[in-house]
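S.K.: Protein chains in written order, with this note's numbering: chain A, 1 to 133; chain F, 1001 to 1245; chain L, 2001 to 2299.
One thing to keep in mind: the hints can contain errors.
Dumping the calculated DSSO-like pairs for lysine-lysine here, alpha-carbon to alpha-carbon at most 27 Å [claimed, not checked]: (1) K87(A) with K110(A); (2) K2207(L) with K53(A); (3) K1014(F) with K2113(L); (4) K2266(L) with K87(A); (5) K53(A) with K2165(L); (6) K92(A) with K2261(L); (7) K9(A) with K2266(L); (8) K2254(L) with K53(A).
Derived by calculation from the structure, the hints in this document are not laboratory data.
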Amino acid sequence: MNLNTNSLKPIYVQIAEWLEAEILNANLKEEERIYSQYQLADMFNINPATAAKGLNILADNNIVYKKRGLGMFVSTNARNLILEDRKNQVLKQMVSDLVLEADRLEVDEKQLIGMIRQRIKHSRRNNNECCKL
Amino acid sequence: MYLTENSILSVAMKQYRYKLRSYLELFSGLFIMQILGLVLSLGAVSSYSSSSNILRVSVMNYHSSIIMIFTFMWIFALSIILTTRQYRNLNYTFVANRLSSLTSDIGFILTSCILGGLTASLHGMLLRVIIYFSVDNGELLPSMFKPSPSILFTGITAAILYMMIIGAVGYLFGLLVQTNKLFAVLIPALFFAAIRMYIDPYITDAVEFYIKESSLTLFAGKVIVTVFVFFLFSMITSTRMEVRR
Amino acid sequence: MSVVSCENLSKAYNNFSAVKNLSFDLGENKITGLIGRNGAGKTTLLKLIAGFLRPTSGAVKVFSQNPFDNITVSSNIIFIDDNMNFPVSLTLSEILDSAGMFYKNWDDKFARKLISYFSLDLSQSHFGLSKGMKSTFNVIIGIATRCPLTLFDEPTTGMDSAVRKDFYRALLKDYVEHPRTFILSSHLLNEIDDILEDVLLIKDGTKALHLPVLDLKEYAIGLRGSQDVLKDFSSKDIIHEESFGSDSSYIVVKNQFSQTKLEQLKASGVSMTSVASDDLCNYLTAKTKGGIDDVFNRE
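Chain A extracted, bound-state conformation:
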């Protein structure tokens, strides 16, 4: 993964999100050791202190925990925690942006919900097609 240095999102947040994505797609399994700050530093060519801050975000949210002398491990319930968290924050933020933008473009509530419904239908159709194959 390439870090986006121009984004408004700090690098350590991008690292945390990448680790969460790795947990979600099971590249990192629960109760297994997660990358250390030094490994992350080497992988992403960043200072270990930056990587450590990313790991600390996960630790603060209980997605990883520290085993004394052994390093950081993925928590048992990590996957669910991440999904819940993403729903609350990321999706919420997207909804807020969506509503704001719709307001700016003078799209009313009925139109907006219609657009959303259409998109869901479209995506379901694609999923069915792919499974038929």
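Mind docking chains F and L on chain A? Use the hints.
M.R.: Relative to the frame of chain A, chains F and L by itself:
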């Protein structure tokens, strides 16, 4: 945190070895000066001839002193070069402090004196060899031609000791000039004034203190003390200077 | 324990103050970037830390000692700049041997591997190298000596961008494997800000900022919008401003806003961008808030 500790002496030794390797270009200067001196000495220093009806005599006098003088000039130049900013800066690339740099400089100068004294005397020998082969054998006056080992030893040692004084003087002079450019004019002026006043008993005594000494050991003692004093003053002078780089 | 600590450090030449009342502490085993404009005093500061210069007033302590004329400090630091003087008659290989003679932590195999990687010829003399190759060689020495405090003063002068990237990566990797304290002064903050931990920003010989680079990146925020909305910001909070077109402006202000305030701004049509660390440092050390455009703007 694990810090490396080093004694000043061990660092001075390392700097000395580093300088021996790095300052090779200075020794090539010695080589050139001595060859030049050798070539110049091949022309006789003095000659005279006289003739009468029956007999004509001409004598040519060869002397290897030019080689020695050139070698003295070389050590003087070398010790001044060591005090220039470019060479002082070379000290601080790796590990150094003022005392270790001064000590290694002194070691380098003394080594150069030994080298210079030895090679100058050997060039003197070489001069004799060349003359021997270029002149008809019967015409050589053997009085000073084959010096005995003890004379040779005295000659070499004396040369080295004289060079040590010149080196120490040159080093202090160079340092003083680095502290204040005026010294570059002042000190030579004082020196030439002193030469002018050679008639003055104080100055004559000071010079003869060294030159008229007949015992090698005493001479060595005088030189060592003098050199020590000059290097002491050099150390004092260098404490006033910044390690600018 | 702080490896380097300065208290009201000043250094003046004749009438010019290169460093004025500088006070800071550098923590152990960190990579700190020393950032500032040309002539800001970075080189002077590094030479004071290295013990090459004596302070005019105030104090600098390295390993809790005065670094000037100090053999212990000298044995544990190395100062790399693009002026490094090596004797003309030595080959690169002999210079490496000399470094090994002086420094206990010298890793000769590692140094020679780096030399080979950067395609330097060991039998060449240092004098004959191109500018870029000299800089490359100098930084190899800097890394391979593994000194507890390693100082780099604009070490990448003359290096092309590929070599610079390799240098930063080599520095980071060796730092991870052998933690020690680095001070790296550079113009190119945008290239190194990912590998730095802290930034010390110098303006006209004084300390402008000293903070972790992550904090530096969040220090300010760029706001773009109509001049109406933005005129509410008082001039003392504005770090930088530019005008666009007839009505819009771009200003950079310290990021002290709550989430609600940010939402408000967004709602009133202001777009927000992060401020790159090198831009921010330029703004903070600029003479005027408008930058060079001030020269061109009519009064």
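S.K.: Could you tell me which of the hints above the structure violates, numbers in ascending order?
M.R.: none
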